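J.: Given chain A, work out where chains B and C should sit, using these hints.
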Amino acid sequence: MNDETLLSVRRITKAFVVPAGSIVAVDDVSFDVRAGESLGVVGESGSGKSTTARIVAGLEGATSGEVNFWGARSRPARSTVARRAQARRVQMVFQDPFGSLDPRQTLGACLAEIIAVHGTPAGQAPKDYAHALLERVGLAARHASSYPRELSGGQRQRFAIARAMVPQPHLLILDEAVSALDVSVQAQILTLLNELREQTQLAYLFVSHDLAVVRQVCDRVLVMRSGIVVEEGGVDRVLDEPQHEYTQRLVASVPGPGWRPPQRKSRAQA
Amino acid sequence: MSSVGTTQALRVPRFGRRRLGRRSFYTVFLLALCAVLLLVALLGPFLAPYAPDAADILAANQGPSTAHLIGTDSLGRDVLSRLLWGAQLSYAAAALIVVISIILGTSIALTSAWFGGAVDAASAGVLNVFIAIPGMLVAIIAVTILGPGFWAPVVAMALASAPYAARVLRSTAIQERHKAYIEALALSGVSTARINGHILRGISPIVLAQTTFGFGVALLEFGALSFVGLGVQPPTAEWGAMVIAGRTEMLAGNPQQTTAAGVMIVISVVAFSLLGERLQRTLGGRR
Amino acid sequence: MIGQPEASSPLLSIRDLEVWSSTSGQRVPVLRGVDVDVRAGEAVGLVGESGSGKSMTLRAIMRQLPAAFEASGSMTFRGEEISQMRSGRLARFRSDELGMIYQDPRAHINPLWTVGDFLTEAVVVSGRLRKREALARAKELLEEVGFRDPAGQMRQYPGQLSGGLLQRVMIVAALMPEPALVLADEPTTALDVTVQAEVMSIFADVIRTHGVGLVFVTHDLDLAAATTDRMSVMYAGRIVETGPSDVVSTHPTHPYTSALLASRPSLHRRRALSGIPGQPASAASAGPGCSFAERCGFVQDACWSHGSALEVVDAVSASACLRTPELRTRLKRSDA
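Protein chains in written order, with the working numbering: chain A, 308 to 577; chain B, 6 to 292; chain C, 457 to 792.
A portion of the hints provided could be inaccurate.
[What the hints assert, rightly or not] Under 8 Å between C-beta atoms, here's a sample of chain B residues computed to sit facing chain A: (1) 172; (2) 184; (3) 189; (4) 191; (5) 194; (6) 195; (7) 201; (8) 203; (9) 252.
These aren't lab readings, by the way, just hints derived from the structure by calculation.
In this text the structure is predicted, and so the values were computed from the model without any measurement.
Just so it is clear, CB atoms sit at the ideal spot from N, CA and C, and this is done for glycine as well.
So here's chain A without its partners, still in its complex pose (with noise of 0.2 Å):
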């Protein structure tokens, strides 16, 4: 890991304006992901912590506040040329590993498609790219002609794992990208996207509701709640150290081994 910041997020703000006046997602939030580095972004719902990712990712535009890459502007990509720029620079896994895939493209058809806008890397053949990518994310080679409905959930997900890494990307973001797998499939995926990053340097903005989970993949984190960043630190410190009361009711709340809910202090109203 190096010290060259990869992602600088600057006081982004994105309010919605519904008819009864206007929700704020995300309010004044700030960040910095340096090359290789993994940084974890855990919330319950409406933590704004998926609307912070699309909007880093480029799908979403801010109301207020700046993305950078490498120091430069980054705005919402909406032309060609724009969006093939953004791709080299930042891809995304979703949480839902059927939804992501279109139904009607095989996997090797999906991959040629964005193979012939980026090219392949020392001008390798686009299928021989596009084979490596699949055994890259344990997938088989004969895969390229299968279909998704052909797939498991957890193939699914290591399929657009490959998809993503077409581009060569310099940071992946992680929208809940294991949060419909199994557990015991789950675990294969984040030893995948660890065993990735110690090959090819590549950062991680990893989006979570689950904290164990975070631990297992990330180097820092950020706990948001209602928008807002609550704490920050390094992975260690905020989960075995939680300084702010919510991050402490947080932690406390994850079943694990001799876990136990809480006791009810009285019948407080949630």
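T.: Just chains B and C now, with coordinates in the frame of chain A:
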């Protein structure tokens, strides 16, 4: 079901009864019926025993007989032959109307869905205005300006029907455009044209359903235009025109022309409309 | 743990439950020989991943299997065979003696009714309670689950309540008829983790106070260990291990349970996760012999032909693995 999804690979049959659902017999029946109707329209002139304008005054206003299976009209022309010749015209008109309007509608829908925001709001507004104007009225105005016949009414009806198709397709296209796989494609840097190709393939079942359904509607409306005298002119055989032309004969006790043409219109419209509705239900709902 | 089980015959006793689907003419197994006992006041967990059949077991108990699904085997409630219950008796069983809590409360509450109507309707219609008694009981229970203003709550509509609050309402609904048995199908899976912790603590309290028997289905082994007395781990439509919850979660007797525990990341330290190669099997894809054989790290030749019946391992535990006696120490949980 637990929110931890099924990780077991699904072995789903590629196509087949599963997609057509439990009422597959009904759908297959409709498909067959529509296919037969289309075939008849295609081959009509070859199947007809007489020419459509072969008049035989002496045989005027006869009921069904061995020489004329459905009977004759007031000019002694064989009703069956005129039906078969008319089928070609009616179906051709309906097909043109529906193809043009679907192409227009789909283009509007995709553009709206892709750009969203102001573009979408504007197009939705414009569509609503056009939908408020009855299609028949547009057609009548166009025909009054351009003259009756075949092409003016066809183009007029196509333009008038496009907003209806566009409205349905727009909402489907917007849904598709926001799906995760389209977002992933956008992130991958793939060209806008290719992404819209994906969206188009995604909405193609609805497009197909709308086309089929729209065919029935177009058939009826073109017939209606001829019925009021603004479409095809006599002596050309066309179902709507035949319905109106046989009006007086019907009152005189010779209903064969009006009835036969009317029945054919009803069967065609119902068959295609039901098929379109079936397709929409099975292909559109199960995604 | 929660309940104080009475030392008497089981409230619910399931033996050799098999469920299969016969859609498209083929017989596809879903559950293969499940045995479960629940005593009055006891909380039993059913833990498993996708395809394990845990939810299907609950549906079988309620006799609410999907269309074209059939079941065989014995399920007795207080000695009475559930599968033999006629429609009137079955309806009373479901409304008066059984409480059900589902994963998604919004799918099981009529959004057009007030909470009060929802809670009182079923018991009044079935004749279990009179309207006035029902209202009083609803208020009592709402207070027990933490609502400070039960009367006000009863006037609200489901749409005005968050997921966590709605699930508490569902708990009340399940307890309204004073059932002997409550079935809970992943009741907190759809909730945020802090909300889950709150709801679970209320749930535990309330179950203990009312002395009902509980079957708690979840994919989270630690959550089950925290809230049940005994638990059964399910895989591919079978039970692979049964025992006291704290024992199963720290000293599992089946390689699957052990591997599952080893797959779960720890909140307290980073460690090498193994995962289990492949994906969870369903009953349909499992062959003869042990259904876990193809993914098991301890597999031997005998495993492929050995039937997977549960064998008693000691006074409190049973395991379907034929190698349990020799593997026991190696299966111990490493991060406990």
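J.: Could you check if residue 252 (chain B) really has its C-beta closer than 8 Å to a C-beta on chain A?
T.: violated, 51 Å
J.: Take the shortest C-beta to C-beta distance between residue 194 (chain B) and chain A; is it under 8 Å?
T.: Nearest chain A Cβ about 3 Å off; hint holds.
J.: Restraint: residue 201 (chain B) near chain A, CB-CB cut 8 Å. Satisfied or not?
T.: violated, 11 Å
J.: Taking 8 Å as the limit, does the beta-carbon of residue 189 (chain B) come near enough to a beta-carbon in chain A?
T.: holds, 5 Å
J.: Measuring from the C-beta of residue 184 (chain B) to each C-beta in chain A, is the shortest one below 8 Å?
T.: Since chain A brings a Cβ to about 6 Å from residue 184 (chain B), closer than 8 Å, the hint holds.
J.: Closer than 8 Å between Cβ atoms is the bar; does residue 191 (chain B) clear it against chain A? Give me holds or violated.
T.: Since the shortest Cβ distance to chain A is 6 Å, the answer is holds.
J.: Less than 8 Å between beta-carbons is the criterion; does residue 195 (chain B) satisfy it with respect to chain A?
T.: holds, 6 Å
J.: Tell me if the interface restraint on residue 203 (chain B) is satisfied: Cβ within less than 8 Å of some Cβ in chain A.
T.: With a closest approach of 6 Å, the residue 203 (chain B) hint holds.
J.: Return the status of the interface hint for residue 172 (chain B): holds when the least beta-carbon distance to chain A is below 8 Å, violated otherwise.
T.: This hint is violated: residue 172 (chain B) lies away from chain A, its Cβ roughly 23 Å from the closest one there, beyond 8 Å.
Violated hints, listed in ascending order, are 1, 7 and 9; each of the other numbered hints is respected by the structure.
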